[in-house]
Amino acid sequence: EAGVAQSPRYKIIEKRQSVAFWCNPISGHATLYWYQQILGQGPKLLIQFQNNGVVDDSQLPKDRFSAERLKGVDSTLKIQPAKLEDSAVYLCASSLVVRDAEAFFGQGTRLTVV
Amino acid sequence: QKEVEQDPGPLSVPEGAIVSLNCTYSNSAFQYFMWYRQYSRKGPELLMYTYSSGNKEDGRFTAQVDKSSKYISLFIRDSQPSDSATYLCAMQNTGGFKTIFGAGTRLFVKA
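Protein chains in written order, with this note's numbering: chain U, 1317 to 1430; chain V, 4 to 114.
Just chain U, with the same shape it has in the complex (with noise of 0.2 Å):
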């Protein structure tokens, strides 16, 4: 069973430019995370997709962040623009349903903004 893909693995942008991440759930897996991992600290949910609607994007800077799932399968993440302080791993994952505490991440993509 092929995991989670992202791409790209690495990123390095300057401040105020912006950036997009790509995500391809497990097949069949209704529900698709995008997580912010800051060095040292724990995963922070960004917004929960069920399909292609969004179930939860409390978290999420709406501001500069947004997010797609198109035909409830790919995902897209963006930052416009990016500041300093978004330097992290953004880590995608997904699980078989929405209340599913078995989710299954991808190696994530590791962003440095300078």
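One or more of the hints may lead you astray.
To spell it out: a stretch of chain U is covered by chain V in this simulated footprint if at least three of its residues, at any positions, have a beta carbon under 8 Å from a beta carbon of chain V; those stretches are [to be verified]:
id : segment
1  : 1360-1371
2  : 1379-1393
3  : 1417-1424
Straight line, CA to CA, 30 Å or less: simulated DSSO-like cross-link-like pairs of lysine-lysine [to be verified]:
id : chain 1 : residue 1 : chain 2 : residue 2
4  : V       : K101      : V       : K70
5  : V       : K70       : U       : K1331
6  : U       : K1399     : U       : K1331
7  : V       : K101      : V       : K5
8  : V       : K5        : V       : K73
9  : V       : K59       : U       : K1394
10 : V       : K45       : U       : K1360
11 : V       : K59       : U       : K1378
12 : U       : K1378     : U       : K1327
13 : U       : K1399     : V       : K73
14 : U       : K1360     : V       : K59
15 : V       : K5        : V       : K70
16 : V       : K101      : U       : K1399
17 : U       : K1360     : U       : K1327
18 : U       : K1394     : V       : K101
19 : V       : K59       : U       : K1327
20 : V       : K101      : V       : K45
21 : U       : K1399     : V       : K45
22 : U       : K1378     : U       : K1331
23 : U       : K1378     : V       : K5
24 : V       : K45       : V       : K5
25 : U       : K1331     : U       : K1360
26 : V       : K45       : U       : K1327
27 : U       : K1360     : V       : K70
28 : V       : K73       : U       : K1360
29 : V       : K101      : V       : K59
30 : U       : K1387     : V       : K70
31 : V       : K5        : U       : K1360
32 : V       : K5        : U       : K1394
33 : U       : K1378     : V       : K73
34 : U       : K1378     : U       : K1360
35 : U       : K1387     : V       : K101
36 : U       : K1399     : V       : K5
FYI, nobody ran anything at the bench for these hints, they're computed from the structure. Where is the CB? At the ideal position from N, CA and C, for every residue including glycine.
Starting from the known structure of chain U, arrange chain V on it as the hints suggest.
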């Protein structure tokens, strides 16, 4: 006060030792309790999860939940150098959808 507290370590033990990793929490609504392992530059990997109170065993790993004390533990028996990683506890309540993670404990098992 954070909803989930976890000692960041690092914790260094010799090979073969029994390791005890712990988290405390403040939200009594949490019902699902998970332990993830995260190797350097990798995504977290679910080790095991329990629902409500009690113990759960899987090979060398045992998870315990004490809801009365709002305290959860992960025990690793016969620890191996390959167990060296960051261990994240995570919790979820049945009323909402959000999973809250602890900061993670870095574990080093020396050969």
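Measure nothing beyond the straight line between the CA atoms of K59/V and K1394/U; if it is 30 Å or shorter, mark the hint as holding. violated, 39 Å
Is the Cα-Cα distance between K1360/U and K1327/U 30 Å or less? With a Cα-Cα distance of about 20 Å, the restraint between K1360/U and K1327/U holds, given a limit of 30 Å.
Hey, K1378/U versus K1360/U, does the alpha-carbon distance stay inside 30 Å? holds, 15 Å
Within a Cα-Cα threshold of 30 Å, do K1378/U and K73/V meet the stated pairing? The given pair, whose Cα atoms are some 33 Å apart, is violated under the 30 Å limit.
Just to be careful, I want the Cα atoms of K5/V and K1394/U compared with a cutoff of 30 Å; is the pair within it? OK: K5/V and K1394/U at ~28 Å, within 30 Å.
Restraint check for K1399/U with K73/V, where alpha carbons must lie at most 30 Å apart: violated, 37 Å
Check whether the Cα positions of K101/V and K1399/U lie no farther apart than 30 Å. With a Cα-Cα distance of about 25 Å, the restraint between K101/V and K1399/U holds, given a limit of 30 Å.
Does K1360/U sit within 30 Å of K45/V, going by the straight-line distance between their CA atoms? Holds, because 16 Å separates the two Cα atoms, which is no more than 30 Å.
Please work out if K1378/U and K1331/U have their alpha carbons no farther apart than 30 Å. holds, 17 Å
Check the hint pairing K45/V with K5/V against an upper bound of 30 Å on the C-alpha distance. holds, 25 Å
For the pair we were handed, K101/V and K5/V, check the Cα-Cα distance against 30 Å. The given pair, whose Cα atoms are some 15 Å apart, holds under the 30 Å limit.
Mind taking a look at whether chain V covers the segment 1379-1393 of chain U? Criterion is 3 or more residues with CB to CB distance under 8 Å. With 0 residues in contact (Cβ-Cβ under 8 Å with chain V), the coverage given for the segment 1379-1393 of chain U is violated.
Checked against the numbered hints given earlier, the structure breaks hints 2, 5, 9, 11, 13, 19, 30 and 33 and satisfies all the rest.
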